[in-house]
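Trainee: Spelled out from the first residue to the last, the chains are:
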Amino acid sequence: MRKRNLFIVLTGLTLSFPFMGMSQTWDVPADQKEVVAPFKFTPGIQKQGEQIYSKNCHSCHGNPGKNDWAKLTPPPGDLSAVKAQQQTDGEWFYKITTGKAPMPEFRNVLSEDERWWVVAFLRSFNPGYIQPEPVAKKVFTGRVVTLNLTFDSTQKQVIVKAYDMLQDKRKAPAAGVEVELLVKRYFGNLTMGSPVTTNTQGIAKFTFPGDLPAQRDGFSELVARVLDPKGLMQTTPDTLRIAAGKSNDQPSLLETRAWWSVRSKAPVWIILTYTLSVLIVWGFIIYILLSMVKIYKSGKLK
Amino acid sequence: MAEKDFTLEKITGDLTHHIRLNKGFLAWMGFLTISLLVCLYAYSLQLKNGLGVAGIRDYVSWGMYLSNFVFFVASSLIGMLISAFLGLIGMKWITPLTRIAETIAVAFAAVAGLVIVSDMGRPERLANVFIYARFQSPILWDVTVITTYFVLSLLLLFLPMIADLAIIQRKVTTLPAWLRTVYKVLSLNYRDTPEQNRIIHRSIRILLILIIPAALSIHTVTSWLFAVTSRAGWDSTIFGPYFVSGAFVAGTAAVILAMFFFRKNYKLSDYLTDLHFNNMGKVLATVSLVYLYFNLNEFLVPGYKLKRADAVHLHELLAGKDALLFWFVQIGGLLLPILFMLFRRFRKPVPITIIAVAVLIAAWFKRYLIVIPTQEHPFLPIQHIPENFLHYTPTLTETLISIAPFLLVLIIITLILKFFPVIPLQETAKEKGVEPFIFD
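So the protein lines, in turn, are chains A and B.
Heads up: the first sequence begins at 1 in our numbering, then just goes up one per residue.
Heads up: the second sequence begins at 303 in our numbering, then just goes up one per residue.
Please note that a few of the clues may not be correct.
[As the list claims (entries may be wrong)] Each computed BS3-like pair below joins lysine-lysine, with the alpha-carbon atoms no more than 27 Å apart:
(1) K297(A) - K734(B)
(2) K300(A) - K732(B)
(3) K300(A) - K486(B)
(4) K300(A) - K473(B)
[Claimed, not checked] Sample of chain B residues facing chain A (criterion: CB under 7 Å; computed from the structure):
(5) T449
(6) V453
(7) L490
(8) H686
No wet-lab data here; the hints were simulated from the structure.
Cβ atoms here follow ideal geometry from the backbone N, Cα and C, with glycine treated the same way.
Generate coordinates for the entire structure from the input sequences, incorporating the hints supplied.
Mentor: Structure below.
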């Protein structure tokens, strides 16, 4: 008897194994479940949420209510379904924020407000939904720093001034702030030298290298931003377009004939090699076909 | 002087007696046709539901279909090796093998193009390959050279057969009238006149020379489809000769297999003798040694430098997930066959055929190992993707679709070598020194 029971248990376990991945629960910490949105879910907000949803969520979750989600394991599921709608706003917000493979995290992709817009949009499919009273975000009490970029064209120096924004909306020079300077490139931004810490007047100076290639129009676009890896400050970067840098008169990679270009810009030698080879070989083939006609004709009995 | 026992009647009888509709042939064709229909049903599922029915996904997007394609192009190269290369350097013993080799070349080259279509999600857009062709793209070169090679091989199969067709039309009186008309049309009024022979001889010479660069091109360009990328395992300057030498191995094995089958079933042991198997064994040993040499280069040199991507790739092949298959292919398909073939007794018909089967199976899996493992290690970091993107597992539907080209090749070979003499008639008669055929 015992052996038989063991067998049944083992069989049951084996059969359920493939489904284990699906039934795994997604636990949300209790305090996160209680989090509520900082604003009311108005139709306008829901409309904004729809746009965010269609760009970031639709490809896997499909159209809510249409059951047309992507065929993935575990299935993404329909978010307008009862089971999905039973979750609290906080649970949804947490899941969107942190993700759980294969669902990506949206922490660095969508702002907090944008994540709440998506929650708002999804609630529009639930007629019985009553939104909990919104709780406004706590006012930030840390340091608020803005940057101001200027360029001294005679000294070839980029000057970054940092200001502390005080409670009474006055500005004061911000000392001891680590600032980095970047220049826009075709893909991403290039860091210029090392970060500089502002002096007591809130000033950080960078030398602009004269041999740095400028954009096609002769301008360079600079970005200054505060380095704040611990996230203790609220900072605003600044950008500046300056007529500096080595002028770039190189032709575009797509202007001349090249391997990587379209057919009309194929290198002449490739066109010639290809066409000549095809013509020569097929010329012989046609010659042989004509020879076969000749064999046929010369064999006719007179 | 005529060789002992060979007469014109015997040669004609031996080499044409298989041209008839017997039960065995009909049963075999019926089996092939039904199997092909099953595979075509699988393809109809793919047409309806998309490439998702196959195991290929975003990372491994070239699966069995592309391994198949490389294998088919490889096998078709044998026509050039036997007829052109060995023929032009004056090897006389190849005469009875030329038609088998050319038939294999024609069949595999014809089907190779179809194999590519099975990998297309939107096959109805095939024409766009030509309409929007770029001269810079190896894909255009590949399509061009495969088409050209197919036509050259077809001509090289047909031209030496013209005389045989004229003989069949006159001598094989048991055939139905309509079939004799077909032979009459195809024989192009051949009457053994000096002018006709001169034209045929010159045309064959031209073809034999043209087919060498064409054959080298088809497999070199196929290898470039891989080698022009910077992926680990494909980023290699010797991929062209590596593919070409591997192709000769696969093709020679295919010819040996066909020789064995036709010798037994068409009772051709007077023409496909132990000498031919012995010599083909030597050819297979030689091309295998060349291939072994390229394999050594292909794995030892990146293995010595061990750049990071190469290290991951080589580890998976030599000691990781693909190790079992890799060592089966290298030892069972290359090292052991070479060792055995060094001994004369293993170059007798039965042992060499067994070796050829092992080599041919290993040759298919070799293509699988060239195409798939590289794609399982993409350069871009893999994040937040479904599990089935990471590892490639062929599906049943995909397997059936991959079997279809083999059935097609068998159908083509069966039909050609059923209705035309397997062994060149006129040439054999000339070599045996019997009196010439009289063409009225």
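Trainee: Decide, hint by hint, whether the structure agrees.
Mentor: Verification of the hints:
no.: 1; hint: K297(A) - K734(B); verdict: 31 Å, violated
no.: 2; hint: K300(A) - K732(B); verdict: 25 Å, holds
no.: 3; hint: K300(A) - K486(B); verdict: 12 Å, holds
no.: 4; hint: K300(A) - K473(B); verdict: 20 Å, holds
no.: 5; hint: T449; verdict: 10 Å, violated
no.: 6; hint: V453; verdict: 6 Å, holds
no.: 7; hint: L490; verdict: 4 Å, holds
no.: 8; hint: H686; verdict: 4 Å, holds
Hint compliance for this structure: hints 1 and 5 are not met, and every other hint is.
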